[in-house]
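Q: As a plain string of letters, each chain reads:
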Amino acid sequence: MDYGITDRVAIVSGGSRGIGRAIAESLLGEGAFVMLAARTQQALDDTAAALDATAPGRVAAVAADMTDPADVARVVDATRAGFGPVSIAVSNVIGHVIDSEREGDGPGAGHFASMPAQEYRREFQHLFVSAWALATACLPDMRAQRWGRICNIGSGVAREPATELPHVLPNVVRPAVAGMHRILAKQVAADGITVNNILTGSILTERNLSYWRWLAAETGSTFEQVTSGFHSRIPLRRQGQPAEMAALVTFLCSQQAAQITGQSIPVDGGLSRHL
Amino acid sequence: MDLGLRDRTALVVGPDSVVGAACARALAAEGARVVKVLADDVDIVVAHADSRGRLSLSDVRSADDLHRSWDVVVDTVELFRSALPAMSGRGWGRFVWVGSAASRSLDAADDELDAITSLAMRATQKVIAVEAGPTGVTANAVLRGGEASPDDVAAAVVFLCSVGAGYITGVSIGVDGGVGASVF
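Protein chains in written order, with our numbering: chain A, 52 to 326; chain B, 556 to 739.
Bound-form chain B, shown alone (with noise of 0.2 Å):
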């Protein structure tokens, strides 16, 4: 399958960690051009909370602890907002949040932190998809979860942001193995 990304320039975050170093290995395999720093360029932004630390609510001592998660949003929102002017320029651009699939049945007792900071980015991929999607700029996300390799996640990724998948926008996708426990 040709997905269409030869010559497309990709931003992955935290391309040091597992799965940013899987989604950019798959994002080169296919042609893409991936980089560390943004630039007017970049078409593709793949981002993820995959390097912060794990957290219960319960284990939550204070409001700076609540910050430190909630910091991924913060970063995110940043970042993608930066990002959006030159792909709605260019009419075509992709972003895929990789989160946690217990963002839709909150079953991960020991990072229930990273699913709560998961719901509210695919919140913000929503409103992303519906003021971009007039320029031609997809949001979306990939729900991790189960028994799920970085590769796994990688792959969903790169289908998102291929050109195949360009009616598919504000969608959350989980690659968990069919664990959770939610219909939707």
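Chain A with its partners taken away, still in its complex shape (with noise of 0.2 Å):
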């Protein structure tokens, strides 16, 4: 199915590694043209080396904080300026790492009667305002092609609170960014943009990998006994590819998702119990 984004020009935040990085490899794929940010320049750049030696001069790179809304502006600038206007944003931002000696690479930890409150801040400033500001950066470049897709990568806890887990931070504000998405996409529907939030499972990813050793060693399992009993749970008994979820985003970003908009939609292996 040719999906109709030969040349649209796309941001993808989180862009050097695990699902952010397929997304991006998905969407060259498809022909676009695409911007990675992230934190960390090595990273950047050995991922955007690797991507552009399949898609020679369609890729390239900006150490970003997409926390920070001065920020978003200068990769959306520096996008215009090497691509031209901007018609896909995927925001892909992880909640904040309180003590990462703590809980490996793992977002935010922490249960409610031990969390000071304004580490509800940070965390609202890294999944909300993030994403919020990268939308809103994008937004007269979509407007005036009265064409765009913007995408988040949130969490199922924004529907379902992962309760078994010590995730407060995330619990509380995932919902929020749906809540967010919803409205955004009501408002901007007649400019012929899309707005969908992706309620992700448990993905395969580096980082996924280092969270599973951290709470093998938080609680005296093996990492075995961690991930095969989480496993169990998931109807699909398996934890999904970075690759399926840049298949669900491709495909929302595509000519022919242009009717779906304001969805909140689980890659999740059957895992949520919600209809």
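To be clear, the hints were calculated from the coordinates, so they are not data collected in a lab.
Glycine included, each C-beta is placed from N, C-alpha and C at the ideal position.
Among the hints, erroneous ones may be present.
Covered by chain A, according to a simulated footprint, are these stretches of chain B (three or more residues, beta-carbon under 8 Å) [as the list claims (entries may be wrong)]:
hint : segment
1    : 677 to 684
2    : 695 to 704
3    : 720 to 733
Calculated from the model, a selection of chain A residues having no Cβ within reach of chain B, i.e. all distances over 12 Å [unchecked claim]:
hint : residue
4    : Pro136
5    : Trp263
6    : Trp265
7    : Asp319
Using the hints, put the two standalone chains together into the complex.
A: Right, dumping it as structure tokens:
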């Protein structure tokens, strides 16, 4: 199927690794131009070089803190200057890591009773403000083209809090992010712009692996005990691949998905229990 | 995008309805073999209530009226149940239900029974997703509403049938231009 996004210009935050990288690769496969944004220059450069080999001249990268609206504006300006007006914005920013010694690379671990209130402000900046800033900065280009695709890599905890894990921050902030995207979808629908939110389940990335290692150490279990116990609760009995996230995001960015907007769509192997 | 459907066998219920025809056409365009009768080689089953009558709850006069709407659930469950063993045996399968976006917002006054039966089918898909997930079979719903055309619906159906959608199961995707009122 020709998704009709050849030469469309996309920005993918968190684009150097894992899910973001898979999305960038998939959009490049459909003929789009892709600007990668992430914090770490070296990882960005490595990914951009690897992707450029498959899509020469169609990928670039800017080191940026996408939780800072000024940095987001800088990325959008660089994208316009390099490739032209932005048509596709994929926000893929993880929650903030409070104590990397205590939680591996996992985001926002902690219980309600022990979580200081200011951490909710930081998590809101990471998950909500980052997505708002990227969407807002790209909207003028999208409105001018009367075509746009905004996609947020959210989390299944937006709809079903993960109360079995000490994840109070994403449990609280993710639903608000989903609501913001739903409102935005209504506001921009008449301009030919769609806005969707992915309810990400358990996807096998490097960061996820390090989280399992941390959780195993934290709970005094082996890595296999932690993961097999978790997999047994997933109907498909496995974690998802980054490419399986990218498949949905790329479809949502397609011409064919013009009528799909305001959706929060799980990619979780059937884990969530809601209809 | 290669959706990985070449030579898969797909059964589309009601291929003469506009939605069924669009789904059959879109699946065929991806190289799937579209059939009209269930056989053991069917990998994909797409069902919908497209050709049924429209009915509001206040227009219901008898239990028979209710059963006429509910028949689509009975028929679809029977079809899906018949198709499941062969899919599970091969470790790959796709069930897609095309229902009503009003099953989320319940604001379609002229077709409330369709919304109600779609709720039941979404629950059916959830149950199939949990029971058949371990054998690599997925079950999802596409909810049509707003100004969405049959081709808009078919694109979402075909995506859910694709290889890349293999980690998506038990899910409902609204294809309604964002007109619904619900967050989820």
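Q: Could you tell me which of the hints above the structure violates, numbers in ascending order?
A: Hint 7 alone not satisfied by this model.
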